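Chains as they are written, first to last, in my numbering: chain A, 81 to 466; chain B, 81 to 466; chain C, 81 to 466.
Here are some of the chain B residues that sit facing chain A, going by a computed Cβ distance under 7 Å:
#1 Q266
#2 S267
#3 G274
#4 D282
#5 V284
#6 F286
#7 N317
#8 A318
#9 L319
#10 V322
#11 K405
#12 W408
#13 P411
#14 Q412
#15 G424
#16 E425
Subject to a maximum C-alpha distance of 30 Å in a straight line, what follows is the list of computed DSS-like cross-link-like pairs (lysine-lysine):
#17 A:K374 to A:K189
#18 B:K339 to A:K339
#19 C:K432 to A:K337
#20 B:K339 to C:K339
Bear in mind the hints are in silico, worked out from the structure with no lab data behind them.
Keep in mind the model is a prediction, meaning the values are calculated, not measured.
Where is the CB? At the ideal position from N, CA and C, for every residue including glycine.
The primary structure of each chain is shown beneath.
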Amino acid sequence: MSRSPVSRRDFLKVAGVAGAGLTVGACRNASAIPAEATRAAAPPTPTKEPTATATDTPAPLTPTSEPTATPAPVAQAETHTAADMAAASPAQAGNAWEEMDRMHEEGVKIFLDGIDPTNGFWGTPLEYREEDGVKIFEMTCQEVDWEVEPGKTVPAMTYNGIVPGPEIRVTEGDTVRIIVHNEMSQSTGVHWHGVIVPNNMDGVPFITQPPIRPGETFVYEFTTRNSGSHMYHSHHNALEQVSKGMIGAFIIEPADKSKEPAYDADYVLIMNDVGIGLTLNGKSFPYTQPIVAKLGDTFRVRYMNEGVMIHPMHLHGLEQLVIAKDGWPLPQPYYCDTVNVAPGERYDVIVKAHTPGAWAFHCHILSHAESAHGMFGMVTAVVVQE
Amino acid sequence: MSRSPVSRRDFLKVAGVAGAGLTVGACRNASAIPAEATRAAAPPTPTKEPTATATDTPAPLTPTSEPTATPAPVAQAETHTAADMAAASPAQAGNAWEEMDRMHEEGVKIFLDGIDPTNGFWGTPLEYREEDGVKIFEMTCQEVDWEVEPGKTVPAMTYNGIVPGPEIRVTEGDTVRIIVHNEMSQSTGVHWHGVIVPNNMDGVPFITQPPIRPGETFVYEFTTRNSGSHMYHSHHNALEQVSKGMIGAFIIEPADKSKEPAYDADYVLIMNDVGIGLTLNGKSFPYTQPIVAKLGDTFRVRYMNEGVMIHPMHLHGLEQLVIAKDGWPLPQPYYCDTVNVAPGERYDVIVKAHTPGAWAFHCHILSHAESAHGMFGMVTAVVVQE
Amino acid sequence: MSRSPVSRRDFLKVAGVAGAGLTVGACRNASAIPAEATRAAAPPTPTKEPTATATDTPAPLTPTSEPTATPAPVAQAETHTAADMAAASPAQAGNAWEEMDRMHEEGVKIFLDGIDPTNGFWGTPLEYREEDGVKIFEMTCQEVDWEVEPGKTVPAMTYNGIVPGPEIRVTEGDTVRIIVHNEMSQSTGVHWHGVIVPNNMDGVPFITQPPIRPGETFVYEFTTRNSGSHMYHSHHNALEQVSKGMIGAFIIEPADKSKEPAYDADYVLIMNDVGIGLTLNGKSFPYTQPIVAKLGDTFRVRYMNEGVMIHPMHLHGLEQLVIAKDGWPLPQPYYCDTVNVAPGERYDVIVKAHTPGAWAFHCHILSHAESAHGMFGMVTAVVVQE
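With the rest of the complex left out, here is chain A (with noise of 0.2 Å):
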């Protein structure tokens, strides 16, 4: 199995968390929050420079709520559509606030409820079979219709049929051979990003290889050697084939372990933009998955960027300590909380879930993460659970 046993572990506690408090009730005054969020707060522990008064003294949570005013009459009750809710100026719009957050309560409703640590979202793992030493793995190139969130399908150039990809996870040093079939009506080749490799290895057609083309079959081989998060895709009129799917995780642990840091569960987050839409792993909130992590657990992220935006992930509540680009160490790790992660970069960060509840992580460019219909596109969450 080439996919590490901490995620999976990590995916069952999820269940839990569903049922105990991230229900959205029905009345506009009670909270999202989980039940355990809404007692005093743990002191978080920032990583930075403990501050002694600052951690000893919780805030007291005495949020109030109070309604002073009843707004503008209801006049009209039909759903608008997207259009009309941006359009829609205040004096114009009756009811179009009430509307609104109709649809922005809807779309998290939809979010919480559908937390399911099974489908998919965090990763396929690509089985492979040993022979020889060499790690053997197989895909094909399929032209799919891709559910980008239920009922909207795109159609999608993928392999094996998922966007993103099946996960590529081997160990420094290993050799492995990827024997790529195209059942596509055109031509293809696959570029192993940022992993290093013979020329003829690369996959660019007509400089390191002749086109997979329809029906063909072309076997890669390499030993690697730079451990890292690495991306691969096609690279053959790849503004289309990346765009509509063609892409996945490679990632080669390293060799020797010991300088990596510590985390309980490791997750991949591929971002996509023109061809499929705005989308997290291949999905669009309210469709995407929140990572569920316990509280006082570390865990890893590994944003690949493979749209053609930049796409800047912020992260409320939890500091991210960012350790790699590109696969590489960064010498000096730093903190923050929004990464911006450009075309073809990767980004390794650790997060201390130093503070329970629901945090939302989305791209903080809005137009690509929020209408006036409600949160969507680029949006999940991170769930501390105590």
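Given the structure of chain A, go ahead and fit chains B and C onto it with the hints provided.
Chains B and C in isolation, oriented as in the chain A frame:
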């Protein structure tokens, strides 16, 4: 008072500059540079690597502007529209270049003539009262018409009627209570971007709290733990609300300032784009304000991007030492002249005012800063006075 | 001569490459890779962490291209337009994929056949004369038709008739005098982007000098103080003038080179986009030129973004060590494979040519690099010769 007295003191020096030499002469050969800057410039003292030969030999300053020909005849004198100017090819457009120059000059003249330390461009502190050791702030969400520049008023959504909203500045370990009244015609929620808070204070409607509906009040309360340059903004219908102005600085001074760099003044620069247009601190050039510094002084700039585009901020003549990202001190500060700030990011820089004069300071995406009509949008300056 | 002899020497090796194995065969099964690279590749020596097992076991290179089916019949043979190709769905477009492949191959063939060390792609030094210890340069601003690629000529605004303008390269501490003649039909001004200068030499019309009107000459003079990879460009009507080509490199070698990394060749790569189109050093693929390096050699690339968009430059197969930003040495260099360069930024990287072959090198915003017609725009390559 939550605002540092240092920057106030600094503002007072501006009048002298405006009076001394910063007015643009009518004669086209007259330079707009301050009189003192036309003398042999003092050798700059770049903080990188002192180089004896470079600093010991100030450059002789002998610019010569030698008109050698009279260009194209003046055929038409009416004012061109922006579209006209952009499209005008030299052959077609008789005196287009003279009109272009006139517009360029006019903008600079308005900017320099308009230096006014009292106009609030560099921030309005949010006053507070203290009860039982809690600093209590109050803000009202309001829809107003906001004047981006004289004659250009846009429908804005604001905190306390201004864009950006008033600056909150506290000290690490302070407990704050922020009472938010919503007088707008749609719901809202306030997210304390970058501030570590208990989950139910995070400001994301339907995830961590109910929305603050029109007419309602919500009370946020938490103890600040992570110092740095943070922000607050709407997290409900945020593309519209943030773009239209629901943005502000939330600065947490460190409890232990001994590790802070020394500086004489402190400036917050908030970028915005799609909603109210390309603006710095809610204003468009030439109606922005410069930073005015005394030769030899050091100042801090806290960049905050609340727009949906990157804004690489380029400062002429004076290098920037980047000391923090998203409020977190960088373990290894670095020098540069262009700081690329993505949406949601903040960067803190330290600048030594080592060379006198008026230095352009602008977003280097040129379509955010200059047209055929001259500079506009995300442009300001640093004026270093001898 | 202001240009390092090292890069000239390097250019001379290219002829051998072009002659040896870089021509693309007519047979579709023939690879474009150099003959020597199809042998078992020499083990790469990544500079990060030597891994004995990885480097001792070169991967066996056994690609197999096995056509197993004949795809869609050929119904139409005429050349498609770009729009046709982009829109062509496989079902609609009979032999569209074969035509697509043909166009992809054609571009690569033009690129490889066109390797020409004499064509000026990698820069034209601006010659100077020396008087009384001052290095005197002369430039003329000219409107010309610039050939981005054969058959695609755009109206450009230039220094000395070329895009980018000629490279200025001096040594820290040098006093330079740059005489700028304006022969264009509009005014201009030259900003020395990143170079620390006295204010009245900063090149911003109406702020630091009068504009240089058509027919006029302006003389800039200053002593260089901060070494590094800087730029010069127009700062008047700059969106038009810079976009259309008024850009160039201004490189200041450090007076004390003992702290510089060692390298065998030095390349400047200037990006541009909206005015003359998506270009590297003023040319669009396949009319760009590769970097040609000898196996084991080290080269430096100085990225300079003069466009209005980010350009994350991805190099295949060879890691990049980022050593400087905006001309300032980074206190802590870091490895990566994709350098995201924002407008106005410069990054210097060092690359070790540790693996032979032709490595694609391109902006990873795929819409800047590839269409259904094949690669175009911001694409070049690094060719490592054994």
